[in-house]
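Take the sequence shown: its letter number 4 is residue 4 in the working numbering, and every next letter is one higher.
The set of hints was computed from the structure by calculation and includes no laboratory data.
We put the CB at the ideal spot given by N, CA and C, even for glycine.
There could be a bad hint or two in this list.
In silico lysine to aspartate or glutamate, DMTMM-like type, Cα no more than 20 Å apart, as pairs [to be verified]:
(1) Lys102 / Asp137
(2) Lys66 / Glu127
(3) Lys168 / Glu92
Computed Cβ-Cβ distance ranges for the label pairs, DEER-style [said to hold, decoys possible]:
(4) Asn148 / Gly28: 41 to 49 Å
(5) Lys120 / Lys168: 50 to 58 Å
(6) Leu99 / Asp135: 18 to 26 Å
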Amino acid sequence: LIASMMHVDGYIILSHVDGLFDLKNGTGELITEIDPATKHFNQHIIPGKSEFGRGGMLTKCHIAHKLSRLGVTVHIANGKTPGILHSLLRGEKAGTKFLARKKPVLGPKLWVAHSEGLEKGAVIINEGAEKVLSDSDRANSLLPVGINSVQGTFKKGDIIKILGMNGKVIGYGMAQYGSEKTRLLMGKQDQKPLIHYDYLYITT
């Protein structure tokens with residue numbers, strides 16, 4: 001949170017392993033770079049020789065991936081490697097580098113991105129809406145026509161969670177009106193967005 005709010009260029013996480021290792025080819029090669037658009041990377045890689053998720057590495061990876069999507073370059077490297085910090089600061093390849101998103105998240109979106117756990121309710125959207133919102137090349141808002149159902153109670157200005165049909169979290173946003181009105185408008189076309197693009201953060 002502090003790193004992204006301060007708009008730092010890089011963030012270094014030192015661990016007991018050299019980084020993340022590829023499982024797909026069976027050789028366990030070190031993955032030197034991970035693109036911010038990469039999805040479900042935890043299904044294909046493992047930290048060091050241990051089971052993925054042990055020692056808090058899974059948490060570190062999720063933090064690194066989230067920061068990279070917010071525009072911060074993150075390095076996960078072995079803190080026991082002599083001179084590791086100097087190597088990273090010199091730009092040498094060491095550990096796993098989570099590449100920063102070219103267009104950083106700024107303003108209200110950045111605040112919304114860090115609102116996980118503060119949401120007051122949720123909406124479940126259909127596959128069409130999920131596809132539209134996941135298109136990072138376009139500035140799309142969440143319209144009522146793409147909403148299938150509403151969970152909980154919220155009012156204008158509250159942070160709400162956006163869920164897919166499978167229940168997976170797609171993102172977060174600030175509601176432009178309350179849950180009661182949302183239930184009346186969901187599924188209808190030509191209505192005011194429930195979440196405007198400027199106050200919408202997509203996690204997928």
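Hints and how they fare:
1. In summary, the hint linking Lys102 to Asp137 is supported, as the alpha carbons are separated by about 12 Å, within the 20 Å threshold.
2. For the proposed pair Lys66 and Glu127, the alpha carbon gap of about 23 Å is over 20 Å, so the pair is violated.
3. As the CA atoms of Lys168 and Glu92 are separated by approximately 37 Å, the hinted pair breaks the 20 Å bound.
4. For Asn148 and Gly28, the Cβ-Cβ distance of about 42 Å falls inside the hinted range of 41 to 49 Å, so the restraint holds.
5. Between Lys120 and Lys168 the beta carbon distance is about 19 Å. The supplied range of 50 to 58 Å is therefore violated.
6. One distance hint, 18 to 26 Å for the beta-carbon pair Leu99 and Asp135, holds here, with the actual separation near 20 Å.
Consistency note: the structure conflicts with the earlier hints numbered 2, 3 and 5.
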